[in-house]
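Participant: So the protein sequences, as listed, match chains X and Y.
Residue 99 in the numbering used here is what sits at position 99 of the first sequence, and the numbering runs on without skipping anything.
Residue 112 in the numbering used here is what sits at position 9 of the second sequence, and the numbering runs on without skipping anything.
Simulated from the structure, these hints should not be mistaken for laboratory data.
One or more hints might be untrue.
What the hints assert, rightly or not - The following label-pair restraints were derived from C-beta to C-beta distances:
1. X:Ser-14 - Y:Ser-116: 24 to 34 Å
2. Y:Met-151 - X:Leu-69: 38 to 48 Å
3. Y:Ser-267 - X:Gln-33: 36 to 46 Å
4. X:Gln-33 - Y:Glu-164: 22 to 32 Å
5. X:Ala-18 - Y:Leu-178: 19 to 29 Å
6. X:Glu-4 - Y:Asp-111: 52 to 62 Å
7. X:Thr-9 - Y:Lys-112: 40 to 50 Å
8. X:Ser-61 - Y:Asp-256: 39 to 49 Å
Said to hold, decoys possible - Per the computed footprint, the stretches of chain Y lying under chain X, defined by three or more beta-carbons under 8 Å from a beta-carbon of chain X, are:
9. 151-157
10. 168-177
11. 182-191
12. 223-237
13. 261-269
Using N, Cα and C, we set each Cβ at its ideal position, and we do this for glycine too.
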Amino acid sequence: MSTELKKETTKLESKIKASLDASVMDLDQDTQQALASIREKSLKNQQARTWLNFNAWRPASAFAFSALLAMLFVYHPNNLDDALQRIATNKALVMNNRSRSPC
Amino acid sequence: MHMGRDFDKQYLSMNHFLADIEGRAFRMAQIATGNRDDALEIVQDAMMKLVQKYSLHPPTEWKALFYSILNTRILDWHRRQSVRNRFRSWLNWHDDEEDGAEDALAQHPDDKNHTPDAKLQDSQFMASLNIALSALPLRQQQVFLLRVWEGMDINETAVIMRCSASSVKTHYARALEKLREKLEDHQ
Chain X
1 MSTELKKETT KLESKIKASL DASVMDLDQD TQQALASIRE KSLKNQQART
51 WLNFNAWRPA SAFAFSALLA MLFVYHPNNL DDALQRIATN KALVMNNRSR
101 SPC
Chain Y
104 MHMGRDFDKQ YLSMNHFLAD IEGRAFRMAQ IATGNRDDAL EIVQDAMMKL
154 VQKYSLHPPT EWKALFYSIL NTRILDWHRR QSVRNRFRSW LNWHDDEEDG
204 AEDALAQHPD DKNHTPDAKL QDSQFMASLN IALSALPLRQ QQVFLLRVWE
254 GMDINETAVI MRCSASSVKT HYARALEKLR EKLEDHQ
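Okay, chain X solo, but in the shape it has when bound:
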């Protein structure tokens, strides 16, 4: 492309851009209002979604997870196993005693 043509092209592009920018600035009141209301409607949608979004609930989830860990730490599974074992032993003893005792 020759330098002259390049210059001409750039000039035409700038003129077109300026003209299109002016057409946006001069949009009629009705259209501007319609666009603003469309934007508002879309953003309301965002608000509703954000509360359902997992990321937003991250701090709460982290707290709940920590609480669960703490509970598991206090009521350790080994302790639970011991308790169950004790109950089982007691039951077995009772059964044994019953079987030994005369009718």
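Dock chain Y against the given chain X, drawing on the hints supplied.
Facilitator: Here is chain Y on its own, set in the frame of chain X:
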């Protein structure tokens, strides 16, 4: 609260982004469809989808995503129109052609700060530009507007248009050539 602050920040940046882009998006859709109401509907769909699907993406990605959605919506509109037109011609049902397309001169912006001569010249240029842009094939029109108006580079445009960089170059060169021919009198 941290969560509330995050939301406010995100809401404000999305609001700012949409407010900045809505006028240009509307004009692009209007040039492509020739109809104000259809253009508004297309912009609404694009905004809704951006907010619903991509508001958690980094704001730097929003522009490309928005134009990608907008261009797809415009393409869908053209497909629907061509099916409708084929159906109409099949039924030999001739509608008034001026029904859908608004008069380019009527859409033309008023300029308040210029002298009457300059105003008239700008006005005539805008009218011719509207006609010339509307007459371009859709892909050429979209590539041209993204490159010239949005200042996007070839690769960004190619990603938005889902085509190769060389196609973008070809579309752009053809569009520019046609516009130069049609706007020759105004240069």
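Participant: None of the hints should be skipped; say for each whether it holds.
Facilitator: Going through the hints against the structure:
| no. | hint | in the structure |
| --- | --- | --- |
| 1 | X:Ser-14 - Y:Ser-116: 24 to 34 Å | holds (30 Å) |
| 2 | Y:Met-151 - X:Leu-69: 38 to 48 Å | holds (41 Å) |
| 3 | Y:Ser-267 - X:Gln-33: 36 to 46 Å | holds (40 Å) |
| 4 | X:Gln-33 - Y:Glu-164: 22 to 32 Å | holds (29 Å) |
| 5 | X:Ala-18 - Y:Leu-178: 19 to 29 Å | holds (28 Å) |
| 6 | X:Glu-4 - Y:Asp-111: 52 to 62 Å | holds (53 Å) |
| 7 | X:Thr-9 - Y:Lys-112: 40 to 50 Å | holds (42 Å) |
| 8 | X:Ser-61 - Y:Asp-256: 39 to 49 Å | holds (41 Å) |
| 9 | 151-157 | holds (count 4) |
| 10 | 168-177 | violated (count 0) |
| 11 | 182-191 | violated (count 0) |
| 12 | 223-237 | holds (count 4) |
| 13 | 261-269 | violated (count 0) |
In this structure, the earlier hints numbered 10, 11 and 13 are contradicted, and the remaining ones agree with it.
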